[in-house]
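**Student:** Given chain R, put chain S in place with the hints provided.
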Amino acid sequence: MSGVLSGFIFYSKYNLKVSFLTQYINFITVLRNEIRYSQKPLVEILKNFRCENPLSKYISRCTEYLNKTGSFKKSWDAAFKDCGCLGISGEEQEIIKNFGSTLGSCDVSGQIHYCDYNLDMIKPYLLSSKEKRKSKGKLSVILCVGISVLISIVLI
Amino acid sequence: MAEFNEKKDGFDRVIEFMNSKFKKLLKNLSKEKKDFLQEIRIRAGMPTVIVCSNNSFILDGSESVATPVDIKEIFNLLCGYSVYSFENQIKKGFITIDGGHRIGLCGEYVFSGDKISAVNELTSLNIRIAREFPNCSKDIFEKIKNDFLGALIVGPPCCGKTTIIRDLSRRFSLSEKLKLPKTCIIDERLEIASCHGGKVQFNIGLSDVLSGIPKSAGIMMAVRCMSPNIIICDEIGTSEEAMAVKSALNCGVKIIATIHAFGLDDFLKKPQIVPLVNSGAFEKIIFLDGENFGKIKEIYSMEELYDKNYRNYTFNNVGCSERIHIL
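From first to last, the protein sequence lines are chains R and S. Last residue of the first sequence: number 1005 in this note's numbering, and the count goes up by one each step with no gaps. Last residue of the second sequence: number 589 in this note's numbering, and the count goes up by one each step with no gaps.
Just so you know, these hints were derived from the structure itself, not from any lab. Don't take each hint at face value.
What the hints assert, rightly or not - Residues from chain R shown here face chain S by an in silico Cβ test under 10 Å; the list is partial:
1) K889
2) P890
3) L891
4) V892
5) I894
6) S924
7) D926
8) C955
9) D956
10) S958
11) G959
12) Q960
Claimed, not checked - Only pairs whose alpha carbons sit at most 30 Å apart, straight line, appear in this in silico BS3-like list of lysine-lysine:
13) S/K283 - R/K946
14) R/K896 - S/K334
15) S/K532 - S/K354
16) S/K334 - R/K946
17) R/K889 - S/K283
18) R/K972 - R/K923
19) S/K285 - R/K889
As the list claims (entries may be wrong) - Derived contacts from chain R toward chain S, CB cut-off under 10 Å, selection only:
20) I884
21) S887
22) Q888
23) E893
24) L952
25) G953
26) S954
27) V957
28) I961
From the three backbone atoms N, C-alpha and C, an ideal C-beta is built for every residue, glycine too.
Looking at chain R on its own, in the form it has when it is part of the complex (with noise of 0.2 Å):
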């Protein structure tokens, strides 16, 4: 049972990430298009998305988070302190920590500049981790499954 167990958390490990950026990018898209044709304001359109776990508590706590910093960067890197477990490696929390420090801090098209360059750095991560958790993930669920099949067959 352990066996499964942990090849199915190796597997939720790949999962949470792809999830994690395949929402991360809807969410650039969505912030893109809002300052693209609405220019609202930026916690306008943060308490205004809706999205699922895990996006969805980064983007609450950075809201939470304005209200007490009065700092958009400092309000982004502490949502990202408390939710360290996002699944995502130290580049890709990178491109995403630095997106926020350059967010709601210039003219229209500099933010659509910005949106775009950082859909293009981070979709490449989105590609390689869903190939990992084609491979990888469904790997380590038959070795778990197998060697916790091997184990109790000797045990037998």
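**Tutor:** Relative to the frame of chain R, chain S by itself:
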């Protein structure tokens, strides 16, 4: 109307947009200063100055000296961390925040061709606190309501012109004696009605509001779409606006507008008044007393203005239907 009574005072609202250092500094002001506060002038490397209705004061202590970081922080807070949503206003040198408070911006402006493309390194902010004074336009309303054919309100800066036309819009739109005239406000700089989040922030009665639109385009749009009886707008003066005013007049719409001037002498020297006066839209020219808020200094009818033959200006003494010529 309860909603308007519950609204925060202008000072309290503005305080929310300050960084922690300035929040603390301004909260320590005496009640009298808070009540009469009109402007907060924050300059990089210089002590902060507050302008009250009767006097100006330099705030004491090293804490009142703003650093460039303070100015940047306050600016970001004023923009709601979303500079892009104020892009067009910033290019005109100001932003208007929730509550109708206007912030003038000074800094290094970057031009692309003959247009402003960006603002670098802000050096000073002038925060003008908008306040509502119900019934401040009572005298003006009483004078113009009966034979109302359009009015131009003239006064020096900070004498309450915007506050008066806001109150006038409320009075006209709610006047049952005048059969609830359809009143439309062209709020180019979001100061008159200050719409935010789909709600007006001030009591403007039953007026319709076109926000953020240039006055000339807004007047034409209102005439076409809203069939107004009265159009109200602030700080009018360009030739396009005069053309729009004339078109509105031809459609039977009455105009109430304001213009900056320190008195009749100063008013007549302004070149931008020629097309406005020529449009024939303003039956009454109301001069405000700069020292007493909401008080009328002088009222001229167009005929009186023509008759005045003032200094080096020559008028055709032919009545308001004819054009005047200013040499």
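**Student:** Minimum Cβ distance from R/S954 to chain S below 10 Å?
**Tutor:** Holds, about 6 Å.
**Student:** Using the nearest Cβ pair, does R/V957 come within less than 10 Å of chain S?
**Tutor:** holds (5 Å)
**Student:** Can you verify the interface hint for R/Q960: is its Cβ closer than 10 Å to any Cβ in chain S?
**Tutor:** holds (5 Å)
**Student:** Grab the minimum C-beta distance from R/I894 to chain S and call the hint holds if it beats 10 Å, violated otherwise.
**Tutor:** holds (8 Å)
**Student:** Would the hint on R/I884 stand, with a C-beta cut-off of 10 Å toward chain S?
**Tutor:** holds (6 Å)
**Student:** Given a cut of 10 Å on the nearest C-beta pair, is the interface hint for R/P890 held or broken against chain S?
**Tutor:** holds (4 Å)
**Student:** Is the Cα-Cα distance between S/K283 and R/K946 30 Å or less?
**Tutor:** holds (27 Å)
**Student:** The hint names R/S924 as touching chain S; please verify it with the least Cβ-Cβ distance against 10 Å.
**Tutor:** holds (8 Å)
**Student:** Can we keep the R/C955 interface hint, with Cβ of chain S closer than 10 Å?
**Tutor:** Hint on R/C955: holds, closest Cβ of chain S at ~6 Å, below 10 Å.
**Student:** Does R/K896 pair with S/K334 here, judged by a C-alpha cut-off of 30 Å?
**Tutor:** holds (24 Å)
**Student:** Keeping to a limit of 30 Å between CA atoms, is the pair of S/K532 and S/K354 held or broken?
**Tutor:** holds (22 Å)
**Student:** Is the interface hint for R/K889 satisfied, with its Cβ closer than 10 Å to some Cβ of chain S?
**Tutor:** Status holds, d = 7 Å.
In this structure, only the earlier hint numbered 7 is contradicted, and the remaining ones agree with it.
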